[in-house]
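Required output: the full structure, derived from the provided sequences and hints.
Taken in sequence, the protein lines are chains A and B.
Counting from 1, one number per residue, gives the positions in the first sequence under the UniProt record's numbering.
Counting from 1, one number per residue, gives the positions in the second sequence under the UniProt record's numbering.
Hint data in this document are derived by calculation from the structure and do not stem from the laboratory.
Positions of the beta carbon are idealized from the N, C-alpha and C atoms, including for glycine.
One or more hints might be untrue.
[Unchecked claim] Below, computed lysine-lysine pairings styled on DSS-like, alpha-carbon distance capped at 30 Å: (1) Lys167/B with Lys29/A; (2) Lys96/B with Lys127/A; (3) Lys52/A with Lys96/B.
[Said to hold, decoys possible] Only part of the chain A face toward chain B is listed, based on derived beta-carbon distances under 10 Å: (4) Phe104; (5) Gly119; (6) Glu124; (7) Ser133; (8) Cys144.
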Amino acid sequence: MHFLLLFSRQGKLRLQKWFTPVPEREKKKIVRDMTTMVLGRKPRSCNFLHWKDLKIVYKKYASLYFCCGLDAEENELLALEVLHRYVELLDKYFGNVCELDIIFNFEKAYFILDEFLLGGEVQETSKQVLSRSIEASDMLQEVCFGRSCLLSVLSIIFSVVL
Amino acid sequence: MSPSVRLQEMIRVIRGARTQGEERGVIQRECAAIRAQFRQADNGTRSHNLAKLLYVHMLGYPAHFGQMECVRLIASPRYNEKRVGYLGAMMLLDEKQDASLLITNSIKNDLSHSSQYVQSLALCTLACMGSAEMCRDLAPEIDRLLRASNSYIKKKAALCAVHMVRKVPELGELFTPAARSLLSEKNHGVLHGAVVLITELCERNPDTLEQFRKAVPELVLMMKGLVMSGYSPEHNVAGISDPFLQVRILRLLRILGRNNDTASDAMNDLLAQVATNTDSSKTAGSAVLYETVLTVMDIKSESGLRVLAVNILGRFLLNNDRNIRYISMTSLQKIVQTDHNAVQRHRGTIVDCLKDQDASVKRRALELSLALVSAVNIRSLMKELLLFLSSCPPELRAHTTSGIFNAAERYAPSQRWHIDTILHVLTTAGGDVRDETVPNLIQLITTATELHCYTVHKLYRALITDISVQSLVQVACWCIGEYGDLLLRGECEETEPVQVTEDDVLDALETVLQSHMSSPATRGFALTATMKLSTRITHNVDRIRSIVSIYGSCIDVELQQRAVEYNALFKKYDHMRAAVLERMPVIDKSSPGHTNGESAGGTIKELEPAKLTQEIVLPQEPSNQVSEENDCSKLWYFMTDIFLFVSIAPPSVTVYEKNGVTLKLQTDRQTDTGMTVTLTATNSTDGDITGLTLQAAVPKSVQLQMKAPSGDVIPAHGLGQVTQTVLLNNPNKVGLHSDTVQIDSFPSTAW
Numbered sequence: 001m002h003f004l005l006l007f008s009r010q011g012k013l014r015l016q017k018w019f020t021p022v023p024e025r026e027k028k029k030i031v032r033d034m035t036t037m038v039l040g041r042k043p044r045s046c047n048f049l050h051w052k053d054l055k056i057v058y059k060k061y062a063s064l065y066f067c068c069g070l071d072a073e074e075n076e077l078l079a080l081e082v083l084h085r086y087v088e089l090l091d092k093y094f095g096n097v098c099e100l101d102i103i104f105n106f107e108k109a110y111f112i113l114d115e116f117l118l119g120g121e122v123q124e125t126s127k128q129v130l131s132r133s134i135e136a137s138d139m140l141q142e143v144c145f146g147r148s149c150l151l152s153v154l155s156i157i158f159s160v161v162l
Numbered sequence: 001m002s003p004s005v006r007l008q009e010m011i012r013v014i015r016g017a018r019t020q021g022e023e024r025g026v027i028q029r030e031c032a033a034i035r036a037q038f039r040q041a042d043n044g045t046r047s048h049n050l051a052k053l054l055y056v057h058m059l060g061y062p063a064h065f066g067q068m069e070c071v072r073l074i075a076s077p078r079y080n081e082k083r084v085g086y087l088g089a090m091m092l093l094d095e096k097q098d099a100s101l102l103i104t105n106s107i108k109n110d111l112s113h114s115s116q117y118v119q120s121l122a123l124c125t126l127a128c129m130g131s132a133e134m135c136r137d138l139a140p141e142i143d144r145l146l147r148a149s150n151s152y153i154k155k156k157a158a159l160c161a162v163h164m165v166r167k168v169p170e171l172g173e174l175f176t177p178a179a180r181s182l183l184s185e186k187n188h189g190v191l192h193g194a195v196v197l198i199t200e201l202c203e204r205n206p207d208t209l210e211q212f213r214k215a216v217p218e219l220v221l222m223m224k225g226l227v228m229s230g231y232s233p234e235h236n237v238a239g240i241s242d243p244f245l246q247v248r249i250l251r252l253l254r255i256l257g258r259n260n261d262t263a264s265d266a267m268n269d270l271l272a273q274v275a276t277n278t279d280s281s282k283t284a285g286s287a288v289l290y291e292t293v294l295t296v297m298d299i300k301s302e303s304g305l306r307v308l309a310v311n312i313l314g315r316f317l318l319n320n321d322r323n324i325r326y327i328s329m330t331s332l333q334k335i336v337q338t339d340h341n342a343v344q345r346h347r348g349t350i351v352d353c354l355k356d357q358d359a360s361v362k363r364r365a366l367e368l369s370l371a372l373v374s375a376v377n378i379r380s381l382m383k384e385l386l387l388f389l390s391s392c393p394p395e396l397r398a399h400t401t402s403g404i405f406n407a408a409e410r411y412a413p414s415q416r417w418h419i420d421t422i423l424h425v426l427t428t429a430g431g432d433v434r435d436e437t438v439p440n441l442i443q444l445i446t447t448a449t450e451l452h453c454y455t456v457h458k459l460y461r462a463l464i465t466d467i468s469v470q471s472l473v474q475v476a477c478w479c480i481g482e483y484g485d486l487l488l489r490g491e492c493e494e495t496e497p498v499q500v501t502e503d504d505v506l507d508a509l510e511t512v513l514q515s516h517m518s519s520p521a522t523r524g525f526a527l528t529a530t531m532k533l534s535t536r537i538t539h540n541v542d543r544i545r546s547i548v549s550i551y552g553s554c555i556d557v558e559l560q561q562r563a564v565e566y567n568a569l570f571k572k573y574d575h576m577r578a579a580v581l582e583r584m585p586v587i588d589k590s591s592p593g594h595t596n597g598e599s600a601g602g603t604i605k606e607l608e609p610a611k612l613t614q615e616i617v618l619p620q621e622p623s624n625q626v627s628e629e630n631d632c633s634k635l636w637y638f639m640t641d642i643f644l645f646v647s648i649a650p651p652s653v654t655v656y657e658k659n660g661v662t663l664k665l666q667t668d669r670q671t672d673t674g675m676t677v678t679l680t681a682t683n684s685t686d687g688d689i690t691g692l693t694l695q696a697a698v699p700k701s702v703q704l705q706m707k708a709p710s711g712d713v714i715p716a717h718g719l720g721q722v723t724q725t726v727l728l729n730n731p732n733k734v735g736l737h738s739d740t741v742q743i744d745s746f747p748s749t750a751w
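Here you go:
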């Protein structure tokens, strides 16, 4: 997979993940091209497109478009399954996920994606294992943050006392 | 208050901005605050500030001042800060930035961190944006992790290794042993990573490929296990057990079985099993079947298996799901050359897909239909293609027309059918055909000598109906000019003849000449056609004369020049008119440059002396009246541009040979547009020919430069010769076709 994009019906970008090095200007151009192409498709059309030498696979979930760019040898039907799996993960994490969840918690959407895909390839095929590791990372973050909070509170108290 | 709220607060404020300007203002303020915070010492809010910056970056605003902050956060001991730091690195840094080198050390340290989640962050970032140098540095670390760590890390390390091999192919050798041992793992995540890594290694190194061929039985067993296993809640997707892993294994088997009989044999049974047992009612199953079909077609499978695969694709064609129809056609396209007959069986369904609503499906169906055209099915398939043309989306029209022409050219069952088909295309989509269509069609018409009457009738009818399609109008004008006498005769075997008068025909041509819709080229065709009719009709020559003289003052220079020349033909050279405007000979499509659709643009246009007509006209031969004296002979060399075509010139051709006087013409193409014509005159009579002069006339766009002749006396008895060189520059590549040689007067004694 070369890239994965999420954008709304109005063309606003909600998430962008690039698996190959692309210059900034080129990224902007690709995003523009993808949004125009995908948003211009009729409702019940085929989910596959051709763009330059890449295969583009997209799927609409509620108000969000999930769009990824694949190499010529990759399996488009499987890519649809990959997109679907990612949506399932988001749904499990946020509980009935909607676009607003992804807007306000974009960094969490990225963390979940990074547990699922690595270097453009699927790293774990079991939903349960994935959910568990996402939870565990979150726990670690909470603990860590809690610890650092506690540390800063303690340091304030000490500085007041002393 | 939890600091995360501050991020969400900012997002809310930004979204609340009513105009673009307001949003920019908010963002500028926030960015300034973030910058200030970055410069301060650590106050526990660094990660949130970076998160805010990343949001702003996603909206499209510049965020490069956050790069150093990413580096700092990655080096922090706190997990939450590391997490955001690495995320920032993946979003803001790429291998081209200098700052990316600074995180190499942090990544190295984190790869050996005690917490697997920190290790995972490092692995993820490395696989996402690791440069070649970073990969080289850290490869040994990854190799170590591949061998000795838990499955959580192993699977990530495997994919990180994939990235490294893509960046630095030589590292493949380092990872090969570890990859081999990973195949015996049980964990699906690790297996998946291992299979992806092995695929990458085999694709890049043929030796590694050889090595891993030995693993084929192991992979086959693995696959069998997945297919035949019962329901496994952990990996089940719509009834298929771990489709992601299945597809990757099939892809690896494809690479291993390619061009290798033993490996292919070992997989035959498995592939048949997968093909028959996989339930394809949902996408997951279809994905596995699709990959199976691709593998079967690519390895050296036995014919029964191949037929099974093509049948699966045929079944896919009938599926309700558009996606599946689309991919089945892409697959059929790949195999249509090798398994032509198998695909032909599904021609009916493919042709039906031409009527699908979806543009992608239509395009695929068109490609496939064109590939399936053969001598056997040309008539029925062409009917469908022509039907498709009348309703096809505009972006596909040019492709469809050229495809139809190619097919018609290769498999036309009869000339009449061929002409009918091209005419049909021109009437339906004449605006989307390529430029070469007009000369190609004209060439085709001239060769179909028995059908001239039929063709001119059809074209005349088309012309009076509609003059908007330029290509059709051009061909129609040419035909009427050439075969107008057949039209006026009022009888035709092949079709219902039209009863037209000379005035009707001239009316039609004049309409074309005067219409605003006609392009300059079309008007040129119409004018020439009108002129040609002057020798084919009997009563209205005066009308033609007047038309021609009117256009003598036309603004369009090309048209004006033609009109002036035709006028001259009427006035000064009326005796030559019949010869000049005679019927054209059959044009020969002899050269390689002249094929339908093959030559892109730059076709070579040259004089082909062989085609120089034998229309050598001699005036009343003075025969015995010519005096003993050697009169001067004038050779009039007149080139008419009728239209363009291509050929390769033979070195030298005799254009006139009679009564002892021989004229040879030799052409050399000097440049793309320039040509040298050398005329050589020899005399084998008893008397010298004196006073030899040569004159040449060419169309205005062609530049003529006549060099001085070597002499003006041709010695007798072939003792010497006179040569004259004419340089022609033909920048517009106007066609030079027939020329006439005329001798005005001759010397004496020879006869």
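Structure-based check of all given hints:
no. : hint                  : result
1   : Lys167/B with Lys29/A : holds, 24 Å
2   : Lys96/B with Lys127/A : violated, 35 Å
3   : Lys52/A with Lys96/B  : holds, 24 Å
4   : Phe104                : holds, 5 Å
5   : Gly119                : holds, 4 Å
6   : Glu124                : holds, 4 Å
7   : Ser133                : holds, 7 Å
8   : Cys144                : holds, 4 Å
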